[in-house]
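Student: Residue strings, one per chain:
Number of protein chains: 2
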Amino acid sequence: MRLSSMFVPTRKEDPAEAEVVSHQLLVRGGYIRMLARGIYDFLPLGWRSVRKIEQIVREEMDRAGAQEVHMPAVQPAELWQESGRWVEYGAELLRFRDRKGAEFCMGPTHEEVVTDMIRGDVKSYKQLPLNLYQIQTKFRDETRPRFGLMRGREFVMKDAYSFDVDEAGALKSYDTMFDAYHRIFQRLGFEYRAVEADTGNIGGSRSHEFQVLAETGEDEIVSCTECGYAANVEKAEIRVEIAEAGEPSGSELATLRTPKARTIEEVSNYLKRGPELIVKTLVYMADETPVMVLMRGDHQVNEIKLKAYLNGELQREVQDLRLASDSEVEEITKAPVGFAGPVGVEGVEIFADLAVEPMVDFIVGANLKDKHHVNVNHGRDFEVKAFVDLRQAGAGDICGRCGGVLEAHRGIEVGHVFFLGDKYSRAMNANVLDEAGEHKPMQMGCYGIGVTRILAAVIEQNHDENGIIWPMAIAPYQVVICPLHLKNELVVSESERIYSELKAAGIEVMLDDRDLRAGNKFKDADLIGIPVRITLGGRGVENGEVELKLRSEDEQTLVALGDIVDRVKVLVAEALVGARGER
Amino acid sequence: MRLSSMFVPTRKEDPAEAEVVSHQLLVRGGYIRMLARGIYDFLPLGWRSVRKIEQIVREEMDRAGAQEVHMPAVQPAELWQESGRWVEYGAELLRFRDRKGAEFCMGPTHEEVVTDMIRGDVKSYKQLPLNLYQIQTKFRDETRPRFGLMRGREFVMKDAYSFDVDEAGALKSYDTMFDAYHRIFQRLGFEYRAVEADTGNIGGSRSHEFQVLAETGEDEIVSCTECGYAANVEKAEIRVEIAEAGEPSGSELATLRTPKARTIEEVSNYLKRGPELIVKTLVYMADETPVMVLMRGDHQVNEIKLKAYLNGELQREVQDLRLASDSEVEEITKAPVGFAGPVGVEGVEIFADLAVEPMVDFIVGANLKDKHHVNVNHGRDFEVKAFVDLRQAGAGDICGRCGGVLEAHRGIEVGHVFFLGDKYSRAMNANVLDEAGEHKPMQMGCYGIGVTRILAAVIEQNHDENGIIWPMAIAPYQVVICPLHLKNELVVSESERIYSELKAAGIEVMLDDRDLRAGNKFKDADLIGIPVRITLGGRGVENGEVELKLRSEDEQTLVALGDIVDRVKVLVAEALVGARGER
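Just so you know, the protein sequences line up as chains A and B, in that order.
Following our numbering, the numbering of the first sequence begins with 1 at its first residue and continues without gaps.
Following our numbering, the numbering of the second sequence begins with 1 at its first residue and continues without gaps.
One should not assume that every hint holds.
Stated by the list, open to error - With beta-carbon atoms standing in for the labels, derived distance ranges:
| no. | chain 1 | residue 1 | chain 2 | residue 2 | range |
| --- | --- | --- | --- | --- | --- |
| 1 | A | E489 | B | D434 | 24 to 32 Å |
| 2 | A | E237 | B | A16 | 25 to 33 Å |
| 3 | A | V492 | B | G101 | 52 to 60 Å |
Stated by the list, open to error - Short derived list, chain A residues pointing at chain B, Cβ under 8 Å:
| no. | residue |
| --- | --- |
| 4 | E17 |
| 5 | R33 |
| 6 | P76 |
| 7 | V113 |
| 8 | E154 |
As the list claims (entries may be wrong) - Covered by chain B, per the in silico footprint, the following chain A stretches (three or more residues, Cβ under 8 Å):
| no. | region |
| --- | --- |
| 9 | 68-75 |
| 10 | 118-125 |
| 11 | 397-403 |
Don't read these hints as lab results, they were simulated from the structure.
The structure displayed is predicted, hence computed values, not measured ones.
Quick reminder that beta carbons are idealized off the backbone N, C-alpha and C, glycines included.
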């Protein structure tokens, strides 16, 4: 298409609210505009790329035997009440009433709707397996939408749901989706990891996240350099090597002034002792019961492990585990936040991480303002109810699978696969007759891909200081032609010829026919990120040559006017073959 | 795809709530399922056909130079307040608050959003014209959703918006869309009319509806058999020929008992006088002022003409014109509804249609329960303030353009084009600099197509007692292969061969590999409406033959096994070429 008649409003300035590069470049490149917090318009270039992502996802879902459907965005409350999530889901679920007063929500996900859709018609194992997917607009009323398309409120998602007669079938469906997701993210050209993940509030028991590696990612993941094991830090299994217990010096517990030193770092600096010699005290509320947790100063607590321990070994059935508020900490420890410690505390159970067990003569908060205890020893100065593995994985930890060393990354979650079991089918009476003639709830899986989030994730991985560098498969246009002298008839006629020949060959071409200076055309082409640029200057064309430049490379080459169309056709075709996974 | 692994839940019974054939067949054929009143799931077959309709619309929009965008479904109240429609729009606009209490609505249309989207970036006439469109899910909270996809609450719509610097440009954009719409509806194979329409509450001054002719249509339209002029009855121009005034007989006004005769038909039957001899009295409320309107008994009042007359010639600026309620009628006429008349009424202005002017010795309600007056004459028995053309067009009326005769049809509105002028751009300050350097609000047009409604409209025009008869261009699959004897190896192997050869040729094929009897397979194939059916029976295949049957024809033909693939390829290709408008 001719740029002069397109709506591609590029801008020079980053939008004030944009904290990450994808958000900045999507706005500056004329791909998106903000309508409201976390709600965006997709302009022509942006929507073209989204549709290309959709198409890659669709092709691989179809190839995996899934069938495309379309479910409504507006969902009746009754279904969510059947599954129990009308209450469980929290404020992210946007609820409202229609003109007759009936309750509805904007669908953030479709487990209830898809289960309802098939339960009236699927009655026998012979109709299974089924995998139904849609590519559809979702709404989640995030408290803090941010990073542009990375965490929006309204977004496009591919969501798929599998139905099987038994768990073995469901796990096979899971594996089929797992493989399809690998093909999708490979075709999108991502550097990514499939990581084992916590199952959160969707429920179920087996789950992988597909994480695109990027510094701006909101998720922390670790992966093993040896065996390839990768997991969300909250879920990662690490091998905890317990050091030999030290020998206490016998010094008595003492109390030191540590004015305004509340964090481990501040205490460490003030007392000139390493964080590994300090024990961090955290107060949690397990529902309404306070619990004290001790960690080595340089370690982080993994709340999922803590909750699992309380629920599992102690059978507490904790629904809600959270850090105590400042006032709760003060009430329990009688000291301001930052000075909590285990010594002398009453009526609160104390749990400690395994790494605290061998520590001796350590430092803890004194439960007094601006004071810490030193020469502290558990057993002598306070009692620990149990030593448990509560540590969150990090770089340098030992892989729980193979003993290798873990690397830490930040990731953008672009896909998620879940084995759900019968959580929804049981609650909603979605039963089938199995081969033995018995009624059983179907076994389900659910599989999401954040289509519009992918647009941002691609940019996080593919950009430079001048703009976006699109992979060929999802560039809004594959080629941009820049005629530099619009008054030179040969430049114009050759531009037009190349433009129409490439279009006739099925290549997506932009012709920058705007009356702008070369520098401005190049700036826009780089910002927008079109993979192939053909430049026609007056002198070059008179010498029978054009300049060919790839967005991903610095150098440009001169190509004969007669060769340029074939050269570009080959370039584009090769890049696309790679992206279709046919190479 | 193999039917055994597809989700195509056909049913034998019509759903109780389905009043029209498209709704019945979409449910029975396994195309849609109801989620809530006016809200539907699209199952795999249904969504395939919707996507084909989308693609035809997209191709023609692109060909017409429009650019695809995507705007959010959830829209902030502020924009609707700017345009004034937050108040104007009424209860069809689904309004709600987000978790922070900010007001939003589910977009039923996107004039405000698109105007907001471009006003920050489009500042000069040089950036115009622009035409931006999307294919997107809309929500309108209809009081009475019905007829399945014909009047749903959530539905897919293509909406486009054009922006020009002046009215001449905007009308050119309008004409371009008008032509594109003709191409779209021709490709869809519709029998339809482009009719002049009222502009309703979107505003603007020029408007056409594209009406698919069908008995179940909700709209009444007339078209001229001579000149092709077509219009919504509310808007249709007719030539009103005023008869010679009759000669009053001189008989005195008399009052007759007409027990329980309230309607024109009842009075006509009771008094044995034709409806053309009776004058119908209607009481309207023009905002809060009552107005009495007299029509010949066999004519209908056109409320748009009435409102235009009151606003135009009388300059009343009536906002809301409605029929008076029963209690209002009783208060004004002192008689129960059904016996209102103009004689002796005080304090109410009386307007009469032109056709009443020549009438003499007619019948009117007597403003007394169960009584009518006869031998009534205006001028003698009551005064008419003005005789005005207030009649709604109908079959047999004279075309206002050429003097031909009008036919009446019922229509399903599948498309609508509007010239909006500066209604939104002025309210929302969307100005550009024109060539003379002056700031001017852009001139807009808006253009809608009901994508999911088209699915229903196609079926209303293409079905028989056995099911749907899809046009090739939007059939979910083009061909169905029915092997009848699954234990006959030759039947199975030949079915598989034909299946894979057709698929390899890019044809969309269903293989009915279910272990069902021939009758059941045929019933489903007919119900679903696949255009081409290939049947492989045991004896036929052993004789080297298969049966080829078109859904649109009764007869089937025998085709040699070696010829069937080529024969079907040609059949499908020819049907598709026609539908691309390339014939």
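Student: If a hint holds in the structure, say so; if it doesn't, say that too.
Tutor: Do the hints match the structure? See the list:
no., hint, result
1, A/E489 / B/D434: 24 to 32 Å, "holds, 30 Å"
2, A/E237 / B/A16: 25 to 33 Å, "violated, 55 Å"
3, A/V492 / B/G101: 52 to 60 Å, "holds, 57 Å"
4, E17, "violated, 14 Å"
5, R33, "holds, 6 Å"
6, P76, "holds, 4 Å"
7, V113, "holds, 6 Å"
8, E154, "holds, 5 Å"
9, 68-75, "holds (count 8)"
10, 118-125, "holds (count 4)"
11, 397-403, "violated (count 0)"
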